[in-house]
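Produce the complete structure using the sequences and hints provided.
Heads up: the protein sequence lines correspond to chains A and B, in order. According to the numbering used here, the residues represented by the first sequence are 4 to 205, in order. According to the numbering used here, the residues represented by the second sequence are 4 to 205, in order.
Calculated directly from the structure, the hints in this document are not laboratory data. These figures come from a predicted structure and were not determined experimentally. We put the beta carbon where it would ideally sit given N, CA and C, even for glycine. Treat the hints with care, since some could be wrong.
[To be verified] Pairwise CB distance ranges (calculated):
(1) B:Val93 - A:Pro62: 52 to 58 Å
(2) A:Lys157 - B:Asp19: 55 to 61 Å
(3) B:Gly112 - A:His59: 37 to 43 Å
(4) B:Gly112 - A:Thr53: 35 to 41 Å
Protein chains: 2
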Amino acid sequence: MTKPSAPPQKRVRNPDAMRNRLLDVAAEAFQSLGYHNTSMHDVMRNAKATGGAVYHHFPSKKALGLAVIRERVAKAVEETWIEPVKSARVTREGILAVFDQLIAELDHGKRILGCPLNNLALELSLADPEFQIAIQEVFEQWRIAIAQKLRSDKSRGLLKKFEPEAFATFVVACLSGAMALAKASQNAKAIRACARQLARIM
Amino acid sequence: MTKPSAPPQKRVRNPDAMRNRLLDVAAEAFQSLGYHNTSMHDVMRNAKATGGAVYHHFPSKKALGLAVIRERVAKAVEETWIEPVKSARVTREGILAVFDQLIAELDHGKRILGCPLNNLALELSLADPEFQIAIQEVFEQWRIAIAQKLRSDKSRGLLKKFEPEAFATFVVACLSGAMALAKASQNAKAIRACARQLARIM
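Quick look at the structure:
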């Protein structure tokens, strides 16, 4: 005998869990298929949600897209790119740790989906000014975190050659570009090359 | 009195012109709206073509996408990124000339559409293996051209610090990433910062 499925009202009692599930499902679909290539119906079906539940939390696809950028992509950038840099002794070590982590994941034969921020940035920055601002804010958080760390290195005499603000932009560009090349080639060669070059110049 | 439009058979007499027009229209739409966000019908309408003409030249949207990558995106990369480097005295000057050209265009208040290769790379590399290979080939042409120039610099004693192959990958990543940041922020600040940093390390 199969277990009867939970009555719908049980789900409604935990709207936060449903909202989170919708965001998780949408973030994954936007990352692997793209925003335009994912329909609200796909999200509904994959999250096992009703149309009513989806539209209760996200009255439009754009609302869902903005929430994915602000709550999922921003979080992924924080965890993958920002946190290892913040917690490192110096910026250089933090950035190399990020690269090593990426290379280790890619060498495990995973398909290279690319950086979720980069993917959505290129797809959506022109589509809508609100998307553009939301995406720019995440890039800014990332850039500011690296610049802060570089300033701290500088104040301790550990960074001599570079001006923290511009160099932080450069590092973000290198990481984004390396991820784009890795996605296009489906191998980690570009990430290794960029890690090596950044390590040499820092 | 308005001029009567040309009878359809006149168009058929110049199939190359029609094919080129379809590629131009599709390349522009893929660049500004994205591949998935452009329909074959959009291309047909904007090229003022019949459905028959479109499907004669491109029996599927994928065939059109591949032709845009191989014949339009590859050409744009050749003209914008490769040619100025090839014709420069040394790689460093060629790369800075590319950046200056970009900055001049962006400062004229154009919307920043981003690098067409990068845009399609992130949208299509996972969508289909043939797209991925076509995109990878264009990135490779670009990388190889820079590596050749760097080797030539090296043989003349003008490049001391870097290994040409890996450094060429790094330069391509920096340019791609800088374009992604410029698109996300809709200003040229990231391109200026990256140009300055690359100039300092080369």
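Looking back at the hints listed earlier, which ones does the structure fail to meet? 4
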